Structures are given as C-alpha cells and as structure tokens.
Amino acid sequence: MTDSAGTEPVVQLAGISKEFAATGSSKAKPTLALSDITLDIRSGEFVSLIGPSGCGKSTLLRLIGDLTHPTSGSVQINGKPAGQGRLDRDYGMVFQSPALFDWRKVEENVRLPLEVFGFDRASQAKRSGEMLDLVGLTDFAGHYPYQLSGGMQQRVAIARALAFSPSLLLMDEPFGALDEMTRERMNSELLSIWARTGITVVFVTHSIPEAVFLSTRVAIMSARPGRITRVVDVNLPQPRGLTTRESSGYFSLITEVREALRAGEGDEAQIASAERTAAEGTVG
Amino acid sequence: MDALRRYLPATLIGLGVLVAWEVLVRVSGVQGFVLPAPSAIWAALVENWTDGYAIFPAARVTLYESMGGLAIGTVLGVSTAFIVSRFPASRDTVLPLAIAINAIPIIAFAPLANNWFGILSPISKMAIAATLVYFPVMINTLRGLTQIEPAAHELMRSYAAGASAITRQLEIPNALPYFLTGLKVATTLSLIGAVVGEYFGGLSATLGRVVVSAASALRFDVTWAAILMVSVTGIVLYLMVVGLERLLIPWHPSVRGETPA
Ligand SMILES: Nc1ncnc2c1ncn2[C@@H]1O[C@H](COP(=O)(O)OP(=O)(O)OP(=O)(O)O)[C@@H](O)[C@H]1O
Ligand SMILES: [Mg+2]
Chain A
119 MTDSAGTEPV
129 VQLAGISKEF
139 AATGSSKAKP
149 TLALSDITLD
159 IRSGEFVSLI
169 GPSGCGKSTL
179 LRLIGDLTHP
189 TSGSVQINGK
199 PAGQGRLDRD
209 YGMVFQSPAL
219 FDWRKVEENV
229 RLPLEVFGFD
239 RASQAKRSGE
249 MLDLVGLTDF
259 AGHYPYQLSG
269 GMQQRVAIAR
279 ALAFSPSLLL
289 MDEPFGALDE
299 MTRERMNSEL
309 LSIWARTGIT
319 VVFVTHSIPE
329 AVFLSTRVAI
339 MSARPGRITR
349 VVDVNLPQPR
359 GLTTRESSGY
369 FSLITEVREA
379 LRAGEGDEAQ
389 IASAERTAAE
399 GTVG
Chain B
1394 MDALRRYLPA
1404 TLIGLGVLVA
1414 WEVLVRVSGV
1424 QGFVLPAPSA
1434 IWAALVENWT
1444 DGYAIFPAAR
1454 VTLYESMGGL
1464 AIGTVLGVST
1474 AFIVSRFPAS
1484 RDTVLPLAIA
1494 INAIPIIAFA
1504 PLANNWFGIL
1514 SPISKMAIAA
1524 TLVYFPVMIN
1534 TLRGLTQIEP
1544 AAHELMRSYA
1554 AGASAITRQL
1564 EIPNALPYFL
1574 TGLKVATTLS
1584 LIGAVVGEYF
1594 GGLSATLGRV
1604 VVSAASALRF
1614 DVTWAAILMV
1624 SVTGIVLYLM
1634 VVGLERLLIP
1644 WHPSVRGETP
1654 A
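From first to last, the protein sequence lines are chains A and B. Counting in our numbering, the first sequence runs from 119 upward without gaps. Counting in our numbering, the second sequence runs from 1394 upward without gaps.
Think of the hints as simulated: they come from the structure by calculation, not from any bench. Note that the coordinates shown come from a computational prediction; the quantities given were computed from them, not determined experimentally. Keep in mind that a hint or two might mislead.
[Unchecked claim] Computed from the model, here is a short list of chain A residues facing chain B with C-beta under 7 Å:
#, residue
1, Leu185
2, Pro188
3, Phe213
4, Ser215
5, Ala217
6, Val234
[Unchecked claim] Quick list of simulated restraints, FRET-style, between CB atoms:
#, chain 1, residue 1, chain 2, residue 2, range
7, B, Ile1497, A, Ala243, 50 to 56 Å
8, A, Gly260, B, Trp1435, 33 to 39 Å
9, A, Gln202, B, Ala1464, 42 to 48 Å
10, B, Ala1482, A, Gly367, 55 to 61 Å
[Said to hold, decoys possible] Covered stretches of chain A, going by a simulated chain B footprint (3 or more residues, C-beta under 8 Å):
#, region
11, 173-179
12, 227-233
Backbone N, C-alpha and C fix where the C-beta goes; we use that ideal spot for every residue, glycine too.
Whole structure, please, built from the sequences with the hints as guidance.
What follows is the structure, encoded as structure tokens:
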C-alpha cells in the first residue's frame, strides 16, 4: 500500500451504488446491484474481483468503463471522470462474451479499434500481427470467428483489447470457457504481458486459484447487493510460474480467499435471518 | 459434385412431374386449350421465341421494368430504414405509413399507376413493382440495423466511436444478411408487380400483354409458354441475389459451406 503512495490511482471508486429500475410488473422492486463500493486501484496493479454469480462484477466493470452510470458515488479514471476516460480511450475491455464481429476475419477483428481510432494502414497491420502472435493465433488470421472454438474467440477478443496499448485492461471472465491447461497457459501469457507492458488490470473471475495466481490484490464481493467485503493482498513473488502454483504461500492464500468468500455468504445469511426475525416480529 | 447431389432430388421430382403431365394429357385426351402437354408448351415457346408473340423480347422488357421497380423500391426502402434507425422518434410516424403502403391492394393500384405515369411508359410498371418491393426491403433492413448484440454496441461505445463509425463498422454489416433476405422476397414481388401492371394495359411487347392476348386468342399453349418465361425470369432475378449473398456475406450461416441448407 505504502510503496506506491503518491501516484495517482488509475481507477478510483468512491461510494458507488447501482440500482436497476424495475421493469414489467408494477410489483417488481428495483434491483440494488451494487452498494457502497469504494476501491482505489493504482498503476501497475492486477486486481481481481471475485464473488458469487449475480453479485455485480460485470456491472462494476461496466461502471469503470463508463458503459453504465452509478446511481450514486463517483468513478474516476486516471484522475478524470469515467466518461472522459472512455473518450480518451484509456481502457481496453474484454467482455464476458467475445463480442467478435461475425463479418470480420480474425485479423480484421483485432484491427477494429485501430480503424476506429484512425491508425494508418501499415501500423494497423503491424499491431494486429503482433497481437495475434501474442495470443498464438497467427495461423488463424484469415479465419472467420465461426471457424474458431470458444476459447480461441476469447483470445481474439483479448488481442483486440490490447491492440491499441491502453493503460488499463478490464477483463470479464475472459478464460471462463477454457480448459484447465489452456487456462493456465493463458494465465501465464497474461502475466507476462502485464509484466512487460506495466498495464493495470481489473480482472473478473469465478476461479479462486486463478485470482490468487494472477493478482496483486483480490477484492472479494458478497451476493446482492454486491459489496466488497474484503481485499486480500497477494504478496507472492514475481515473476510467477509453476513454482508459484506449488508454493505453500499460494495454497494458504487460496484458503484465505475461500474463507473470505464464505464469510461474505455468512453475512448474507445473517441478514436474511435478521430480516425474517424482523418480519416475524411485526406479525407477532 | 456436391451441388449435383444437393439438387438431384429436386431435378428428379421436376422431371417426374413433367413426364407424368405429358403422359396424362396424351392418355386422357384432354383438349389442348384446357391443359396443353409440356411438349406443346415447349413447341409454342420455340415457335414464338422471336416471331409471332415474340416472347423473348417481351421478357426483356418485363425484366427491365421489374428491375427498375426493384431498384426504386430498394432505394426507398433502405433509405426509410436508415432514417427510422437513426431517428427512433420517427418510428411511430413512418412505420404506420409504410404499413399502409404495404396494405394497398396492388390490383387496385395498378390502373391508377398506369394512369399517372402513362400506360405505355415502363415507369408506370416500375412504380407498381416498387410499391410491392418497398415494404419487405424496408422492414428487413430496419431489423438488421437495429437488432444488434448489446455487447457489440458497448464495444463501439468503449472505443468512443462516433455515429458514422458505428453505422459503417457495425450497423451496415449487421444489416446486410437481413437486407439480402428482404431483397430475395422482393425479386419475385417486383416481377409480379410488373406483370400485373402490364395486365391492365401497356406495350404489347411485354410478358403480361402476351399472356392476355394469347389467352383471348385461345392460344393457351402460348399463354403457358409466357407464364413459364415469367417464372424463369423470376428465378434469374432470385439467383442474382443468391450470387450477391455469396459475394457479400460468405461468413453468414445461410451461405457458409459446412452446414447443408
Ligand atoms: N441491464 C440490467 N437491467 C436490470 N438488472 C440488471 C442489468 N444488468 C445487471 N442487472 C442485475 O444486476 C445484478 C448484477 O449483475 P452482473 O451481471 O453485474 O452480475 P455478475 O456478478 O457479473 O454475475 P456473473 O458472475 O453471473 O456474470 C444481477 O442481479 C442482475 O440481475
Ligand atoms: Mg458477469
């Protein structure tokens, strides 16, 4: 915490709540997806968000990307409001679905942001070539997305997000569809990209080992309304690799995160039981 | 090889129907003006190809009229779709009007169009064809422009892409398959529009007029031959759009190779 004090946070979340208005029947209540989220992420950090399904991880990522707006609280990117961060193209996003354009070949998908940003043709080709090399899909440059497996499509999405060298990478369960071996290889690839480029990463995952292996910090979220119940510092030495996965520090951190997640659940159970008691109280 | 196997059943069934038809007419001794045999229709087509009823030059004029109508209706339909997708507030004004145009009975409209644009002018036939073409092209293109995966829009938004980049890179490519589906339906409709227009009068060198005049002269073999020519013209138009699909959307499930359609 203290070592990077003084540098401006890349992402600054202050007292964020997000409520989705009820649609449909008049009885439907609005959904409180996120409640009072406060978190600073400094330059070069790798922060994972982990929590049960529906706890608002994707929503939080979309708030950072200014793809949706908080009901209250503020989001700052590199010291600017999130909207300005988006306009300045400060971040690259990897969505939960690959969101490739079916009509573009793999290489053309990777160069999409470069086209939108008006890079010249030569640097478009150079960058997209490098990115495909990075994710190991050079041989598939001329294929259409439908000719790729789900995991390969997700790698194209990663290459596309990195193509314009953003300072911040937002990733929503990018490796959820991969088998264990490919996932571990992609984890190592991602870490080496992170180490080489000094990019800041916010990474959503369901996998505790993945979160621990990749991150410098793991933020643990509770079920609805999503709150950050704990932030676990991961002080495993860099660079990480096979030895990391076999170290006792790694295992004890996995246990720590697992217990923190369970404690979050416990919170929820306590609240539910408290509500039940209160409801019974009014009846009786 | 693949194509051969794919279209073999259709070809065999088609040939089977023709043979059965021929045999039935010969065995039962049905009068030629009630149901001419396929061989008689073919003979009438050959005999009247450029001479007599001159079916081939007539087909060329009809094709010209329907393609003109197809072009006009497509331009209007696509323009409307773009306007409605760009200005969603216009939807409730434009769509009811388009639906009203679509509800016009073409039989009733054809004499009016002939009157407005000149009964001998191909423009009147194009107007009738365009009226039929407009709606399917418009409604399909509009769907293609608006029915887009939310994540794709978010992706463009994350790039802070402007409206024109979103239209060029996302909306137009997304709309292409839908547009081509509308265009396929429209090819047949444009031909129907042209022929119906001709039915209510016009140059004698058109397929619609050949059908009318041959029928009133009780030359039903020629009538059948002219109808056959209308179908062939329709198939030619349709195949042109199919070719366009192969060219423009090779990635689409309806076109790409590995799934037999
Ligand atoms: N556009 C929306 N409209 C209404 N409610 C929404 C919307 N998007 C998300 N929600 C609600 O917000 C909550 C959080 O959703 P979110 O997608 O952020 O969860 P998540 O943590 O990413 O889940 P998962 O791990 O399954 O991807 C859910 O209860 C969901 O129903
Ligand atoms: Mg999610």
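Status of each hint after checking the structure:
1. A hinted interface residue such as leucine 185 (chain A) counts as satisfied when its beta carbon comes closer than 7 Å to some beta carbon of chain B; here the least separation is about 5 Å, so the hint holds.
2. Interface restraint check: proline 188 (chain A) against chain B, minimum CB-CB distance 16 Å, threshold 7 Å, status violated.
3. Restraint check, phenylalanine 213 (chain A) versus chain B: the minimum CB separation of about 5 Å is within 7 Å; hint holds.
4. The interface hint given for serine 215 (chain A) holds, since its Cβ lies 5 Å from the closest Cβ of chain B, which is under the 7 Å cut-off.
5. The interface hint given for alanine 217 (chain A) is met, as the beta carbon of that residue sits about 4 Å from the closest beta carbon of chain B, less than 7 Å.
6. Below 7 Å, beta-carbon pairs count as interface contacts, and valine 234 (chain A) has one with chain B at about 5 Å; its hint therefore holds.
7. The supplied range of 50 to 56 Å is met by isoleucine 1497 (chain B) and alanine 243 (chain A), whose beta-carbon atoms lie about 52 Å from each other.
8. About 48 Å separates the C-beta atoms of glycine 260 (chain A) and tryptophan 1435 (chain B), a value inconsistent with the hinted range of 33 to 39 Å.
9. A beta carbon spacing of about 46 Å between glutamine 202 (chain A) and alanine 1464 (chain B) agrees with the range 42 to 48 Å that was offered as a hint.
10. As the Cβ distance of alanine 1482 (chain B) to glycine 367 (chain A) is approximately 60 Å, the hint placing it in 55 to 61 Å holds.
11. Check on the region 173-179 of chain A: 0 of its residues sit with their Cβ under 8 Å from a Cβ of chain B, so the three-residue criterion for coverage is violated.
12. Restraint check on the region 227-233 of chain A versus chain B: 3 residues with Cβ-Cβ distances below 8 Å, three needed, restraint holds.
Comparing the model with each earlier hint shows violations of hints 2, 8 and 11; every other hint is respected.
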